[in-house]
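Chain by chain, the residues run as shown.
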Amino acid sequence: MSYKLKLGFVAAIALAAQALQAAAADSITIAEWGGASQAADRAAFFEPFTKETGIKVVDDVWQGDLSTILSQVQTKSYKWSLVRGETALVKRGCEQGILEKFDASIVGTAKDYLPGAFEPCGVAYATFSTNIAYNADKLKDNPPTSVKDFFDLKKYPGKRGIRRDPRYAIELALLADGVAAKDLYKVMRTPEGIDRAFKKLDTIKDQVVWWESGSQPPQLLADGEVTMSTVWGNRIVAARKDGKNLQILWDYPGLDYDWFIMPKASPDAANGMKFIKFISEPKNAAKLSEVAPFGPVLKAAIPLVGKEYADSLPTSPKNSKNAFAFDSEFYADNQEDLLVRLTNWLQK
Amino acid sequence: MVNTSLERASNLAVAVVSLLVLLFLIVPLLVAIPLSFNLEPYFTYPMPGYSLRWYAEIFGSSANGVAWHAAFANSLFIGLCACAVATVLGTMASFGLNREDVPFRGLVQGLLLSPLVVPVVVFATGSVYFFARLSLVGTYTGLIIAHALLGVPYVVITVTAALSGFDNNLYRAGVSLGATPLSVFRRVVLPLIAPGVASGAVFAFVVSWDEIIVTLFLAYPEQHTVPRRLWAGVNEQLSPVVIAASTILFIITLGLLFATEYLRRRNERLLGSA
Amino acid sequence: MSATSFPAEAEQVLQPAQLHRAVKKSGRKRRLVSLALFGPLLAFVLVFFIFPILSFMALAFHNDEVKTGFPLTSQAIQSWNGIGTPSEQVFEALAQDLRESSNPEAVTIAAARLNFDVIGFRSLIVSTASGLRQAADATSKPAQEESVPDGFSIFGNATAEDSSQAAAGLGTPKQQLISIDPRWEETRYWAALKRGTWAVTPLYILAALDLRTADDGSIEWASPDRQIYLTLIGRTFFVSAIVTLISIALGFPVARFISTQPPSRANLFMFLVLVPLWTSILVRTTAWVVLLQGEGLLNDIIVKLGLSATRLPLIHNRFGVYVAMVHICLPFMVLPLYSVMKSVPSSYTRAAASLGAAPLRVFFKVYLPLVFPGVAAGALLVFIMGLGFYVTPALVGGPRDQMLSYFIAAAISRDLNWGLAAALSIILVVIVIVTLFVLRRFSSTAFTR
Chain D
1 MSYKLKLGFV
11 AAIALAAQAL
21 QAAAADSITI
31 AEWGGASQAA
41 DRAAFFEPFT
51 KETGIKVVDD
61 VWQGDLSTIL
71 SQVQTKSYKW
81 SLVRGETALV
91 KRGCEQGILE
101 KFDASIVGTA
111 KDYLPGAFEP
121 CGVAYATFST
131 NIAYNADKLK
141 DNPPTSVKDF
151 FDLKKYPGKR
161 GIRRDPRYAI
171 ELALLADGVA
181 AKDLYKVMRT
191 PEGIDRAFKK
201 LDTIKDQVVW
211 WESGSQPPQL
221 LADGEVTMST
231 VWGNRIVAAR
241 KDGKNLQILW
251 DYPGLDYDWF
261 IMPKASPDAA
271 NGMKFIKFIS
281 EPKNAAKLSE
291 VAPFGPVLKA
301 AIPLVGKEYA
311 DSLPTSPKNS
321 KNAFAFDSEF
331 YADNQEDLLV
341 RLTNWLQK
Chain U
1 MVNTSLERAS
11 NLAVAVVSLL
21 VLLFLIVPLL
31 VAIPLSFNLE
41 PYFTYPMPGY
51 SLRWYAEIFG
61 SSANGVAWHA
71 AFANSLFIGL
81 CACAVATVLG
91 TMASFGLNRE
101 DVPFRGLVQG
111 LLLSPLVVPV
121 VVFATGSVYF
131 FARLSLVGTY
141 TGLIIAHALL
151 GVPYVVITVT
161 AALSGFDNNL
171 YRAGVSLGAT
181 PLSVFRRVVL
191 PLIAPGVASG
201 AVFAFVVSWD
211 EIIVTLFLAY
221 PEQHTVPRRL
231 WAGVNEQLSP
241 VVIAASTILF
251 IITLGLLFAT
261 EYLRRRNERL
271 LGSA
Chain W
1 MSATSFPAEA
11 EQVLQPAQLH
21 RAVKKSGRKR
31 RLVSLALFGP
41 LLAFVLVFFI
51 FPILSFMALA
61 FHNDEVKTGF
71 PLTSQAIQSW
81 NGIGTPSEQV
91 FEALAQDLRE
101 SSNPEAVTIA
111 AARLNFDVIG
121 FRSLIVSTAS
131 GLRQAADATS
141 KPAQEESVPD
151 GFSIFGNATA
161 EDSSQAAAGL
171 GTPKQQLISI
181 DPRWEETRYW
191 AALKRGTWAV
201 TPLYILAALD
211 LRTADDGSIE
221 WASPDRQIYL
231 TLIGRTFFVS
241 AIVTLISIAL
251 GFPVARFIST
261 QPPSRANLFM
271 FLVLVPLWTS
281 ILVRTTAWVV
291 LLQGEGLLND
301 IIVKLGLSAT
311 RLPLIHNRFG
321 VYVAMVHICL
331 PFMVLPLYSV
341 MKSVPSSYTR
351 AAASLGAAPL
361 RVFFKVYLPL
371 VFPGVAAGAL
381 LVFIMGLGFY
391 VTPALVGGPR
401 DQMLSYFIAA
411 AISRDLNWGL
421 AAALSIILVV
431 IVIVTLFVLR
441 RFSSTAFTR
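Protein sequence lines correspond, in order, to chains D, U and W. If you're matching positions, the first sequence starts at 1 in our numbering and goes up one per residue. If you're matching positions, the second sequence starts at 1 in our numbering and goes up one per residue. If you're matching positions, the third sequence starts at 1 in our numbering and goes up one per residue.
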């Protein structure tokens, strides 16, 4: 190698290294699921928080892979101060001992939250819904009215989008097959119940488009690739704001909480707790519901949500008339096994 | 001859098929490029207008996820370091293995080339487990080590090939004239095999530059490279920014290919004249 | 590696004793220099590549969770003969492990491990532990019903699930545990617990082959609606084989064509082969997504040309996987083929033809045997590559097109199941190594009768 080449090489490395010098003064990094829900948190929480405290919020995207949190804790090299997760992840992570426990002086006690929204390793802050959605331009003459229509290929020909995950797919099949919402998990705890769900899914099997990322179904619906799809409700509301005429079917929505969790022994704990304290203020918590259709979880925040927003929330009396809540205990036991069964069923 | 017309027909068929296959190889790479200049965020032709807005987005700051320019800096930094490690160690090793009576040469060579054979996912998952213990997950060092390992076989192969055209008597002559082995290596051997070393180095860089699987498992947002950023883009929502970034990646790769082609020809000339 | 252990080579030099010794000495020194040159890289590869992979693979047999989580039970259960339920002492040990654990995290990790063996074991342990805690803490007040605003009562169903109603039931530890959860009467939970105390576990390797250990210790098939991995292994093999065959079919004419071109044009064509080879797999896969998707370019063309009235499903299915994988693998087929074909002098085939052999006969009897090493090398390369594919099927395939690598990655990132990921990795690597040996043997014996 010539001298010049060597010099150039060293200079290139030095330049690249310099470009990497990120000014990470006082900041926390929060990992979320991307897309509309992350944009909502940014508007409702991150920006006001930075304005009030001067602490910058860097956001990142993750896919619910607990192994990344595990390795951060094991290696003590933390990249995320806080992470947004669903109930099953909170429980799983807590059991694996990789999550920080929150102090009552900051988050309050179980009494302050909706039932089931209090866990030692997480702070619930939003209720989100899993729904069926459809393209209202394409189905404007006879919009679907019940989950049964999702399985009615005669009345509503065309493909169906379903998340490649047992969650909601199994519930949806059983509800459409006539199981009452209150018996849902009783039925699902029996092998016959699961068989029944797959039998119902058999009826639409060759019409299903499987999605994995939450941003796919609005796209699939807007492009007309599917007639109906399971969706995360808030993504549809966001797509409507972008001018797409997509509609949510409020029949048997599945409700779950969104939580903030903190990798154990995080060095950002102090600033992270400041953020948790900020979002646990009822007036701040209520803000999220005005930015995006997430229901409040803090009881004190419920009356603070403006009337004009309250009706569109997944937790409003109208929308949640026959809602059910995902049973995180059931999924902690059965998630992995149901995925194996789903894979097996897909291969047949 | 009797068979001439038949032969000509079969030759023509082979030519037509070959040209179609070559088109199949090249066209998909080119056809998406114009879309990165599309005014609107769609992927259909004809395009309503042209703009550089997606490229501007790459070099500006992006609201969502890791900034593209940071990803390019990461790719460059990690690629250069991995390339340096792989090239230095790989060249030394190839030279060592090229000497006479090396014990277990076959086994050693097999081990050095094993990163080429073992499926990358297995290495990626294995390294998450082991690197975590060494606190190397989510560090530049960890990624550089992993990428260097994946580049090593390419350096070993190209340098070994270059050495096969090298006359070991030159080395022996140098040593017998009183020079230290190291200076003989630097003054005699290295200049002669330099093109081989350089193309090995380019290979090692490209391996790192394109690597995604190990990066998926070992990198934290801070170290996200361009392929990692592309992965997020394709997984989440395909936008023209993704096409623009992959176009830049493609053009840089093309430049490197020209560079190695140049090196290869120079190598041929050098060996031919030696 | 000590240099002195290899004197045989030096002794072959038959010279007077003195010279012999000098040669031997210089040989040793030379070997040391060689070692100093390749040693660093060898150490680097061993420490950061071979060792991590091997220690990761060992996790497939790792079986410490139960022993750490339930130390007393693990000891006590050794005396159980595997029939019915174990003795009173084992129940007592379990109750003690659950009640007085100094390491509650170890208990939950053990519970997750047992849940992989027998589904539902996790919640059995969780509910038993909380039942025991309530029994011990008699003053604990039941969770009070809070009034909830209208429309929010739905969350009742998730939390009402509490099986510890009979927790306070007194009696022997056995009666107490069974009164908390009657599942403790079932043999299969205890059998799984005992399997959890074995020094090493076959659980993951068996699971990765759709097998399981029955309660009597024999090996049986997993239930038919849970068998996925043999199909997966077969698919991984099948997809690689198809991709290899297509690559041979497309690569052969291309390599043949380029090898007959004059050098300058051949260089240009080879450049066209090298460009995709050098382009990032992700860039190429992205390009295919843009081309193949429902609203993509290829569908635009198909509809505009009237080849099909509707847009065709070209992506997220096997077709997309084949197209994208062949595109990625083809250069690796063309390169070795080309280099072999270039070295076959055209005079051979011409000589055969002039001796009166028919063109097909010339091709099969003369040309093909001569270029076969190239075909074999290319096929080997493509097939081995194909077995490990991850990114492309993940992005352009559907749920029925994922290969082994996808499940290895998912087992870790989604399920945190290191044991299963390690077992699947072992299977993948074994397949690769066996293929390597078989195809090598085959390619070196075929055509050399």
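The set of hints was computed from the structure by calculation and includes no laboratory data. Here a beta-carbon is modelled for each residue, glycine too, at the ideal position from N, C-alpha and C. Be aware that one or more of the hints could be misleading.
[Stated by the list, open to error] Derived contacts from chain D toward chain U, CB cut-off under 7 Å, selection only:
1. GLY34
2. ASP60
3. SER71
4. GLN74
5. THR75
6. LYS79
7. SER105
8. THR203
9. GLN207
Structure-based check of each hint:
The criterion of a C-beta within 7 Å of any C-beta in chain U is met by D/GLY34, whose closest approach is roughly 6 Å, and the hint holds. Given the 7 Å rule on beta carbons, the hint for D/ASP60 holds: about 5 Å separates it from the nearest Cβ of chain U. A cut of 7 Å between beta carbons decides the hint on D/SER71: the least distance to chain U is about 5 Å, and the hint holds. Because the beta carbon of D/GLN74 sits about 5 Å from the nearest beta carbon in chain U, less than 7 Å, this interface hint is met.
Interface hint at D/THR75: satisfied, since its Cβ lies 4 Å from the closest Cβ of chain U, which is below the 7 Å cut-off. Of the supplied interface hints, the one on D/LYS79 holds, with its beta-carbon coming within about 4 Å of a beta-carbon of chain U, less than 7 Å. For D/SER105, the shortest C-beta to C-beta distance to chain U is roughly 31 Å, which exceeds 7 Å, and the interface hint is violated. The closest approach between the C-beta of D/THR203 and any C-beta of chain U is roughly 30 Å, which is over the 7 Å cut-off, so the hint fails.
Using the Cβ-Cβ criterion of 7 Å, the hint placing D/GLN207 at the interface with chain U is not satisfied: the shortest such distance is roughly 24 Å.
Checked against the numbered hints given earlier, this structure breaks hints 7, 8, 9; the rest are met.
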